[in-house]
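Trainee: Protein chains in written order, with the numbering used here: chain A, 1 to 244; chain B, 1 to 292.
These aren't lab readings, by the way, just hints derived from the structure by calculation.
Built from N, CA and C at the ideal position, the CB exists for glycine as well.
Each hint should be verified, as a subset may be incorrect.
Label pairs and their calculated CB-CB ranges [said to hold, decoys possible]:
(1) B:F273 x A:E125: 49 to 59 angstroms
(2) B:V68 x A:G75: 51 to 61 angstroms
(3) B:R194 x A:D68: 49 to 59 angstroms
(4) A:D229 x B:L162: 46 to 56 angstroms
(5) B:R95 x A:E80: 49 to 59 angstroms
(6) A:P65 x B:I110: 51 to 61 angstroms
Short, incomplete list of chain B residues facing chain A, as computed with Cβ under 10 angstroms [unchecked claim]:
(7) G177
(8) N178
(9) A182
(10) A185
(11) I187
(12) D188
(13) T189
(14) Q190
(15) R194
(16) L263
(17) A265
(18) R269
(19) F292
Here are the chains, one letter per residue:
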Amino acid sequence: MSGIEAVRRFDDALFSARDIETGYGDLQVLYGVDVDVQTDEVVLLFGPNGAGKSTLMRALFRQLPLWDGTIEMDGRDLSEVSANEMVPNGVAYVPQTENVFPNLTVSENLDIGSIHAEAPAERRETMYDLFPRLAERQDQDASTLSGGERQMLAMARALVPDPDLLLIDEPSAGLAPKLIERAFDHVDRIREAGTAVLMVEQNVLAALDVTDRAYALDMGENRFEADADTIRDSERVRELYLGQ
Amino acid sequence: MVLDNLIQTFVFGIVEGSVIAVGAVGLTLSYGVTRFINFAYGEFLTYGAYLAVFIAGGLFGVSLPLPVAIAVAVLLVGLLGVAVSRVFFEPISHRGALPLLITSIGVSFILRNLLQGWVGVDARQLPVPLLRRKDYFGVQLTELEVAVIVVGVVTMLLVHLLLQRTMLGKRMRATSGNRSLAEVAGIDTQRVVRQTWFISAAAGALSGVLYAILFAPFRPGVGFAYLIVIFAATLLGGIGRPYGAMLGAFIIGIAMNLGSAYLSANYTRAYAFVILVAVLLVRPEGIRGGEF
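Same shape as in the complex, but just chain B (with noise of 0.2 angstroms):
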């Protein structure tokens, strides 16, 4: 039975390993392009699990099947990022790495207080069925959260596939290892930084639908609060490197569960905070970053 148990939690923890995994790689691709910690990043989490509400919701005159609405979700927040790109950071793009963060937490106040004036503060929720808990092997899993390991997998090999094979993703990688030789290659780095804000952000979007499957209700400010778990898992890995990021994500993931299940459910946060101060004192290289 203890054994049990402990596989049980484990396996919860990969479940939301693999929310935070999606988000995780998000946040390190935008870092490794720009050199930037985007404290906004967590928005694009609360945006995407909004729209998806609405868009199924039928809030835009039609209303569409959750799986349609929650890609149109994703695809929006890209934009949005891509927006947010453009007016906020290209122009201060030349100023540093300090000025950028600074700004980042300023947008990410702007976007929330946004979000909350149009739809106030009540908690909302996808309209996702509740499931009894099936048998997989001896451990007792949802169909969603089956779903939400395989989305996770899913988008963890259409970024490796990303990277390694197609020429945009060599292009990011270029950028992000050496920005000055891939101007001078014949790259227009302002557009792969673009396209980079583009995919940063449809991930953070479909972390954060996926968080919402996974802990429904939530208010406009369940992205910035899960920003830190989110960062715990960067770090983790190594902020630049999304295969750190991943291996990461699956660590806090299940230290939270371990966590919440053997010590104390009051702090499952804290569980990664206190890694992310265990990262900072004992690896603090990890925030200096590297290029993937």
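If we strip away everything but chain A, and leave its shape as in the complex, we get (with noise of 0.2 angstroms):
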């Protein structure tokens, strides 16, 4: 694989999660997994159904627990704090499924994201800026929004405390063609407004687009990483991953 480095290590990244290993009961499904993610960087993870991606989100959000490894962010390690910590700690997360809460306004659900802001009034309205959809909506219940503008709060849920990491798994699911576009250009906005973004995408070719850096996962273990011009142009990635 020309071009396709094994896995390269950032000693000044903004985050770092190095060997992570964890699972479900008795079941391992990360053998050790290194990701880094760089101040104002969009990293990508992709990699066939099974290989462990939204497992790795959850584990790097400390929403499962890490059998081993170590997660740190900004020098700080954060392997031992629990899930509500994380976003006093500067990194927030979007889960794939059921990320608004259905029984409150969308108002009330920028609420909720604002418990750790600093600015809250100022936040909201700049949320509001990103997402103007939102603000015609604000005192309707999550649950009666479209796919598309549940999407929207869920990211604005997640960026109104000013995070300087995103989590974000899969934010092109289930939306329409025509929306995809839209979400990657969000994550394109918010790694401009200062917030570095790792998404986990299936719809790999549009997700490169705003990417600067990719790791692919399979079968639990980093398989490999680079920059996103040299995957695009790797013809043994598209095959292998890419079904092209």
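Mind docking these for me? Both chains are given alone in their own frames, and the hints should help you get the complex.
Mentor: Shown next as structure tokens:
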């Protein structure tokens, strides 16, 4: 695989996960995965179904116990913290499904996001600027939103605290083709606003357009890591992972 | 005359509905956040009534005026609720609803028998005067009965403000709607659960005191026996839904009083039970519950 290195490690990364092992019950899913995210970077995680991408996201956000490995953010060790302490540590997370509070209004969903925000009122305005549709629907219950609107609300809720890093699991899942492009557009704008992004995405080619670097995961292990351009141009990757 | 009787019965139903509403809201809030039906909830009613009697009667050295005694009793039972949740329910909170429910039945026995061992089975009553009924717009009520309605309505209003206007209420609703996402959003849900236990147990205690004001005297089994009525109201409104519980409570209260007045007074609680069974037959999703 010319031009594709095994896995580079960045010692000055904003967020580093090393040798991550975890699973469910007796079933091990991850066997020592490494992921780094540098400041202002958009990083893509991809790989076949069952590779352990969503499991990795849950482990990184401390929703699953680590069987082994370490997680650091800005030099702080997050290996032992619980999920509800991640936001105060500058990391936010948008799960793939059930990522809004259906029984709360749009505005109340953002209230929940504001719990750890330093300037909640300003951040809320910023979110309504980024997602004008949400401003129109402020007083509606989130359960009444369309799939695309829910995805926007989920991102907005996560971004209100102004995190340094956002983890997103499948931002394009369940969206109409027209909306998929817009979802990645949002990812790009989130990075421009100063938040690094680590996303899992099946729609690899579209995601690569806004991605700086990508990791391929397979069978619970790192397969390789490279810049977005390198991956896009690699025939081997296209054959193996993109079905082209 | 017939119409006067009907209206009077209706209003008595609203008086008892207020007692049920306070109890049902407490039960439904705890279900909404913890996702299991707490069978020990009836003991919070009992402990509220007994503590109010003892605190007002000077058992703990000083004898406080009744309203103060009631407030202290309600707060103490709230703390009891937090203690019960930490000792019995937190350690098994990840095991699912059934073990929690069965544990709550055991906790109910423990609390009831502890109280019985301590105070015996003799009937007690709150130091409230016997009052003559007065005429309010053609309806005859004692001042205490009016007070019960007022306390019930004010409690409903406070619960409404808590849920809609305060951050604690929003955290509770978020935890109820999606506990895993609440954690992700940075909410310490275990803390929210404890706060909910406090509010739930305190509401139970207040309901028990109101019951004791209306229906003195009472024995240690009072709360457990009344639980069926509170369940009926809670399920009628859809368990986990506070506004449904309020509505269900007044329907049950009125139904019990209409049944007692026009069918037979021997079956007062049976009317609530019949409604409970009917809800389960016709609308079984009521027991599956929702979020608030």
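Trainee: Hint by hint, note whether the structure agrees.
Mentor: Status of each hint after checking the structure:
Checked against the hint of 49 to 59 angstroms, the pair F273 (chain B) and E125 (chain A) passes, with Cβ atoms roughly 54 angstroms apart. Checked against the hint of 51 to 61 angstroms, the C-beta distance between V68 (chain B) and G75 (chain A) comes to roughly 54 angstroms, which is consistent with it. With their beta carbons about 32 angstroms apart, R194 (chain B) and D68 (chain A) fall outside the hinted range of 49 to 59 angstroms. Judged by the Cβ atoms, the range 46 to 56 angstroms given for D229 (chain A) and L162 (chain B) holds: they are separated by roughly 54 angstroms.
Distance hint check: the CB atoms of R95 (chain B) and E80 (chain A) are about 24 angstroms apart, inconsistent with the given range 49 to 59 angstroms. Between P65 (chain A) and I110 (chain B) the beta carbons are some 33 angstroms apart, a value that contradicts the proposed interval 51 to 61 angstroms. A distance limit of 10 angstroms between C-beta atoms decides the matter here; for G177 (chain B) the minimum to chain A is near 4 angstroms, and the interface restraint holds. Taking 10 angstroms as the C-beta contact cut-off toward chain A, the hint placing N178 (chain B) at the interface holds, the least distance being around 6 angstroms.
About 7 angstroms separates the beta-carbon of A182 (chain B) from the nearest beta-carbon of chain A, less than 10 angstroms, and the hint is met. A cut of 10 angstroms between beta carbons decides the hint on A185 (chain B): the least distance to chain A is about 5 angstroms, and the hint holds. Restraint check, I187 (chain B) versus chain A: the minimum CB separation of about 6 angstroms is within 10 angstroms; hint holds. A hinted interface residue such as D188 (chain B) counts as satisfied when its beta carbon comes closer than 10 angstroms to some beta carbon of chain A; here the least separation is about 5 angstroms, so the hint holds.
The restraint placing T189 (chain B) at the interface with chain A holds, with a minimum CB-CB distance near 7 angstroms, inside the 10 angstroms limit. Hint on Q190 (chain B) holds. Least Cβ distance to chain A is approximately 9 angstroms, under the 10 angstroms limit. Annotation: R194 (chain B) was flagged as interfacial toward chain A, and the flag is violated, the nearest CB pair being 14 angstroms apart, outside 10 angstroms. Evaluation of the L263 (chain B) hint against chain A yields a violated restraint, the C-beta minimum of about 39 angstroms exceeding 10 angstroms.
With a least beta-carbon distance of about 41 angstroms to chain A, the hint placing A265 (chain B) at the interface is violated under the 10 angstroms criterion. At its closest, the beta carbon of R269 (chain B) sits 33 angstroms from a beta carbon of chain A; the interface hint therefore is violated under the 10 angstroms criterion. Given hint, F292 (chain B) at the interface with chain A, holds; its Cβ is 6 angstroms from that chain's nearest Cβ, closer than 10 angstroms.
Against the hints set out earlier in the document, violations occur for numbers 3, 5, 6, 15, 16, 17, 18.
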